[in-house]
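Asker: One letter stands for each residue in the lines below.
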Amino acid sequence: MIIEKRLNALGLSLPEVPKSVGSYATAVLSGDMLYLSGTGGVDNGEMPVYGKLGKEVTIEMGYSSARGAVLNLLSTMKAVLGDLDRVEKIVKLLCFVNCTSDFNRQPEVANGASDLLIEIFGEEKGLHARSAIGACSLPFNIPVEIEMIVRLGV
Amino acid sequence: MIIEKRLNALGLSLPEVPKSVGSYATAVLSGDMLYLSGTGGVDNGEMPVYGKLGKEVTIEMGYSSARGAVLNLLSTMKAVLGDLDRVEKIVKLLCFVNCTSDFNRQPEVANGASDLLIEIFGEEKGLHARSAIGACSLPFNIPVEIEMIVRLGV
Amino acid sequence: MIIEKRLNALGLSLPEVPKSVGSYATAVLSGDMLYLSGTGGVDNGEMPVYGKLGKEVTIEMGYSSARGAVLNLLSTMKAVLGDLDRVEKIVKLLCFVNCTSDFNRQPEVANGASDLLIEIFGEEKGLHARSAIGACSLPFNIPVEIEMIVRLGV
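Residue numbers (my numbering), protein chains in the order written: chain S, 1 to 154; chain C, 1 to 154; chain H, 1 to 154.
For reference, chain S alone in the conformation it holds in the complex:
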């Protein structure tokens, strides 16, 4: 429970396990790779944020939503794996930012997810490949949607 202790030491706790919002699973384990479905970060006890970057959502709110998406993904991972210490490597993130067509600071928003993963798992396990992309819209008008690939230890 090293990872969860680190989470708590950062003053964070895992939110309720997110539910699928369609006929899909929130995660699928394939060999030693865990594929996590696209997830938003609006449900972490704080005020949910909706809307677009470049319009009603600031970079700070977007950063915080990306951070919240990671907390939701960690909660899903804990439900699937039992223990977050089984994570060997955060392999890849695909971050979609709901934004206007003239907004081009997606990396700063996505850093909310990346920074938290490195804080929690450290550089060796937590540093990952990533793409950050502008989306003209996202489900339920969430500002950020993140999917993730994780490798487990043996």
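Don't take every hint at face value.
It does not matter which identical chain is used: a pair holds within one copy or between any two.
Unchecked claim - Below, in silico cross-link-like pairs of lysine to any residue (SDA-like), each with a Cα-Cα straight-line distance of 20 Å or less:
(1) 55 - 127
(2) 55 - 31
(3) 19 - 118
(4) 19 - 101
(5) 5 - 85
Since the hints were made in silico from the structure, they are not lab data.
Given the coordinates of chain S, work out where chains C and H should sit on it, guided by the hints.
Answerer: The following block gives chains C and H in isolation, referenced to the frame of chain S:
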């Protein structure tokens, strides 16, 4: 041929094997993982649908296009694998929905793909991770583009 | 150094190794799979191109940017792998094209990446799965962002 018999029992048949629309392959097999290129669902014998959700394409038409995309993906899989019974798990879908900037019901559209995969492969093999994303535009103005990762049995 | 010799024979050279533009790695190796972060192609010694397809960026400029993105990805790969000859298969590309909502020729733009990969690696190793998607905006207003999955030989 269990999977194809199930397809036929559902009144469905595999469309013509889709062709690549650029200098790429419609699928690449890597170890036991099959990576399928982004594919639309406009060519299944019915009237092709073009356009955007939130504008000229209804949720029902989008749902049906997502279903058609899965039929095209299955046809590609059959061409590559010989037999769809080799599928062990539908691992992950990435669904892009061509839509206006105020459309946020992407999951309902993507369910057209997910529902059909579960009907055909059952929950154990067919239930998958998924992301559904709004795209401001898609190739040829198709309403839905889906890429898929599949694991094969040994 | 067969692959680099082929690059040079084509009159091409690897650009400076691209830097991460956020708190992520430009590539992560997981087993025999290399996951490369989304990368643009504006920095290859030529005039950088910014903007959207369907607006100020022509298909030719987009094609050239996609080609430049591959050169950047190859430069990252060389930095990680030491030798590009270790590549066994280009498995998959995900190509985002920064464009207007009525632009639907993403595949022609993405061909800039695919054509170059096949020129360099040949059909057997270079032919890949691919999705080409319209994005309403991309980081720094680059016209094309490409992420890639590559399998290494043993």
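Asker: Give a verdict on every hint.
Answerer: Checked hints:
1. 55 - 127: neither (30 Å within a copy, 36 Å between copies)
2. 55 - 31: neither (42 Å within a copy, 42 Å between copies)
3. 19 - 118: This pair counts as between: shortest inter-copy Cα distance 18 Å, intra-copy 25 Å.
4. 19 - 101: neither (30 Å within a copy, 25 Å between copies)
5. 5 - 85: within (10 Å within a copy, 43 Å between copies)
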